[in-house]
Amino acid sequence: MPFEAPVSDVAISVEALGKSYLIGHLAGHASESFREMLVRSARGLGRSALDVLRGRQLVDGDTVEEFWALRDVSFEVRRGEVMGVIGRNGAGKSTLLKILSRITEPSEGRAVIRGRVASLLEVGTGFHPELSGRENIYLNGAILGMTRAEIAARFDEIVAFAEVERFLDTPVKRYSSGMYMRLAFAVAAHLEPEILIVDEVLAVGDLAFQRKCLGKMQDVAQQGRTVIFVSHNLPSVMDLSDRAILLDRGRVALAGASHEVASHFLGSLRTELSAGDISAYRRPYRDAGWVDIQAVCVGGDPLGGAVIQPGETVSIDVELAVHRAVEDGIIVVNILDERLDIVATFMSSDGGYRFSVSPGAHQVHCELGPMPLAPGTYLVSVGAAQAGLRLAWDAVNALPGFRMAGEESLAWLRWPERPGVIFQEGSKWR
Amino acid sequence: MSAAPVTEVILERGRVDRNYWLDLWRYRELFQVLAWRDVAIRYKQTAIGVAWAVIRPALTVLIFTIVFGRIAHLPSNGVPYPLLVFAGMLPWTFFATALSDASNSLVSNANLVGKVYFPRLIVPAATVVAAFVDFFISLVVMAAVMAWYRFAPDWRVLLLPLFVLIAMLASLGPGLWITAVNVRYRDFRYVIPFLVQFGLYVSPVGFSASVIPASWRLVYAINPMVGVIDGFRWCLLRTPIDWREVGVSLLVVAVSLWIGVRQFRRLEKTFADVL
Numbered sequence: 001m002p003f004e005a006p007v008s009d010v011a012i013s014v015e016a017l018g019k020s021y022l023i024g025h026l027a028g029h030a031s032e033s034f035r036e037m038l039v040r041s042a043r044g045l046g047r048s049a050l051d052v053l054r055g056r057q058l059v060d061g062d063t064v065e066e067f068w069a070l071r072d073v074s075f076e077v078r079r080g081e082v083m084g085v086i087g088r089n090g091a092g093k094s095t096l097l098k099i100l101s102r103i104t105e106p107s108e109g110r111a112v113i114r115g116r117v118a119s120l121l122e123v124g125t126g127f128h129p130e131l132s133g134r135e136n137i138y139l140n141g142a143i144l145g146m147t148r149a150e151i152a153a154r155f156d157e158i159v160a161f162a163e164v165e166r167f168l169d170t171p172v173k174r175y176s177s178g179m180y181m182r183l184a185f186a187v188a189a190h191l192e193p194e195i196l197i198v199d200e201v202l203a204v205g206d207l208a209f210q211r212k213c214l215g216k217m218q219d220v221a222q223q224g225r226t227v228i229f230v231s232h233n234l235p236s237v238m239d240l241s242d243r244a245i246l247l248d249r250g251r252v253a254l255a256g257a258s259h260e261v262a263s264h265f266l267g268s269l270r271t272e273l274s275a276g277d278i279s280a281y282r283r284p285y286r287d288a289g290w291v292d293i294q295a296v297c298v299g300g301d302p303l304g305g306a307v308i309q310p311g312e313t314v315s316i317d318v319e320l321a322v323h324r325a326v327e328d329g330i331i332v333v334n335i336l337d338e339r340l341d342i343v344a345t346f347m348s349s350d351g352g353y354r355f356s357v358s359p360g361a362h363q364v365h366c367e368l369g370p371m372p373l374a375p376g377t378y379l380v381s382v383g384a385a386q387a388g389l390r391l392a393w394d395a396v397n398a399l400p401g402f403r404m405a406g407e408e409s410l411a412w413l414r415w416p417e418r419p420g421v422i423f424q425e426g427s428k429w430r
Numbered sequence: 001m002s003a004a005p006v007t008e009v010i011l012e013r014g015r016v017d018r019n020y021w022l023d024l025w026r027y028r029e030l031f032q033v034l035a036w037r038d039v040a041i042r043y044k045q046t047a048i049g050v051a052w053a054v055i056r057p058a059l060t061v062l063i064f065t066i067v068f069g070r071i072a073h074l075p076s077n078g079v080p081y082p083l084l085v086f087a088g089m090l091p092w093t094f095f096a097t098a099l100s101d102a103s104n105s106l107v108s109n110a111n112l113v114g115k116v117y118f119p120r121l122i123v124p125a126a127t128v129v130a131a132f133v134d135f136f137i138s139l140v141v142m143a144a145v146m147a148w149y150r151f152a153p154d155w156r157v158l159l160l161p162l163f164v165l166i167a168m169l170a171s172l173g174p175g176l177w178i179t180a181v182n183v184r185y186r187d188f189r190y191v192i193p194f195l196v197q198f199g200l201y202v203s204p205v206g207f208s209a210s211v212i213p214a215s216w217r218l219v220y221a222i223n224p225m226v227g228v229i230d231g232f233r234w235c236l237l238r239t240p241i242d243w244r245e246v247g248v249s250l251l252v253v254a255v256s257l258w259i260g261v262r263q264f265r266r267l268e269k270t271f272a273d274v275l
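Each protein sequence line maps, in turn, to chains L and U.
Going by this note's numbering, the first sequence runs without a break in its numbering and finishes at 430.
Going by this note's numbering, the second sequence runs without a break in its numbering and finishes at 275.
Only chain L is shown next, with the shape it has when bound in the complex (with noise of 0.2 Å):
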């Protein structure tokens, strides 16, 4: 018989969690005439309206499918154990912290959970532009489940923590961007719940405050509270998380230690890349429609499976589809680690190369000069942009890249032994 925690130990236990939701379809009707389309129309507002008196929800389209964002979910969490939660987008992470944060209730299967909860699927959801610091402190501080003689008892803590105390009576209208994050973050970081909820908030603030909330997590994890924590950030999950699970489309695909759970996850992505298609790893970019990036091949295998000797030079093709003409276009390549912490940028216009073309294929060939790296494996994000970032057309993130060759007692003793990532041999010790 496995082993099983004594029911006190479980802090959530989820069984056969599932959630449903309706969307419609158009059909497709490119070439109707103007008399279809009002007979289309008519029955669509008699389709409402009958909605409307049963009660059910409007849904646009003509055709309306039922679609399981969640389904057959089932793991536990003791407590004061950190959970992990990835997944790519879609996976259904967010719909899964919604329920448990109970914003909206499960279609089937149920959950169990035994303490105090605190969710933080946003920062700062309540702040008000118009309410001072002071105000939005307590104000979001109650959103979050505390109460005034706890907000109180931390205030101090918190305007410290987030670095406003001159601005605590000035609207946080007036506040920028990066002070509103700290403050909201701030609040946050001071809940004192049993159980924490939490959803990449961390994907927020510039690099060093990112740093700062990631030192308060690990804190809070250290007290022994039980947190489940959804990130896009690997990394993260694994510095801060024992347990992970992996979904995909809604269901639980893997349950384990965080760092097996991430590499796998890493793996799932590569497979898909040997099938040719990079969709999975692109991004939803703010000027989507102009460059698509087709493919990517580093050192003349697209599979990721390139070895590059120390010294040698990296060669990326980088294959566009252009779909109206552009100019001053540039190709970003990032270099990251196994951890996807980025390790190197490289941009076509630090070597002055820019590309102006009209619609159609288009090709960029670049030779990266020799990178001092540890041995192991190395992942490449491409995007393109407008010179000065002015127009961000497309990226492909983390695929797979390149081996970088070394002595093997190197490679072997990667992180988290030796975390370091630049390498150069040469040094001399006494």
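The set of hints was computed from the structure by calculation and includes no laboratory data.
Positions of the beta carbon are idealized from the N, C-alpha and C atoms, including for glycine.
A few of these clues could be false.
[Stated by the list, open to error] Negatives, chain U to chain L, calculated, CB over 10 Å: (1) 24; (2) 40; (3) 155; (4) 194; (5) 210.
[Stated by the list, open to error] A partial selection of chain L residues facing chain U, derived with a Cβ cut-off under 10 Å: (6) 21; (7) 111; (8) 122.
Put chain U on the given structure of chain L with help from the hints.
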């Protein structure tokens, strides 16, 4: 570690929350804070601020006095006509503001509803409290106007809070229902201003309810504001009152509040999915 008992929450589809009313009590501080917020931001970035709470009803009183009192020569039961109108205007403005603010409250707090759990009832209830602040200011002005007319109320004024409470509940009932339905069908946003304008003329604001034929008075009292306005005039101006009418209005308020809370709770769990 504290010795407080561990709270256990079970999340399931359609599960009726046994702790709902207890939760509402537990979240009373959030209720206070949201009410305070609604008051604090009410007149931010307006030049004359809270004076708007006085100017709007005062101008309506002026116009109604001219139209109904001077031009139409409607009876006023021996009370100066502006006082008659003002005493009707007080609860009506309170009711109308509370109703329309409550009806829009969930949609305008969509960001909260989508990101944090709390008993949703708090949001519309807090707006009603915020509307009460406007009412209180108008009440002070009313007192000044009564002093100007040398019109002193007697002991009946002590019963005024009762009618204020009825007006509050009268707005909360339909307010809850409309704000819940408004989440799903924004059509109701267009219904409210119309309803409020219509109600101003249907309710005995600009005239005394005594102009209605006696045989229709009980039917007329189905509009709960009839009982409230009559009650206000009885408290402040010592005009006669028919308690049967107040009874009918109270009954309607109770029923609409019951329906409002029921509908609200039925739809509450889906708010975050639809907003």
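Verification of the supplied hints:
Listed as a non-interface residue, residue 24 (chain U) keeps its Cβ farther than 10 Å from every Cβ of chain L; the least gap is roughly 14 Å. With a closest Cβ-Cβ approach of about 6 Å to chain L, residue 40 (chain U) is found to fall inside the 10 Å limit, against its non-interface label. The beta carbon of residue 155 (chain U) is kept farther than 10 Å from every beta carbon of chain L, the shortest such distance being approximately 38 Å. At the 10 Å boundary, the C-beta of residue 194 (chain U) stays outside the reach of chain L, the nearest C-beta of that chain being 18 Å off.
Every CB of chain L lies more than 10 Å from the CB of residue 210 (chain U), the least distance being 40 Å, so the non-interface label holds. The beta carbon of residue 21 (chain L) is positioned within 10 Å of a beta carbon in chain U (closest approach about 7 Å), and the interface hint is therefore held. For residue 111 (chain L), the interface hint holds, the least distance from its beta-carbon to any beta-carbon of chain U being 4 Å, beneath 10 Å. Nearest Cβ of chain U to the Cβ of residue 122 (chain L): about 5 Å, under the 10 Å cut. The hint holds.
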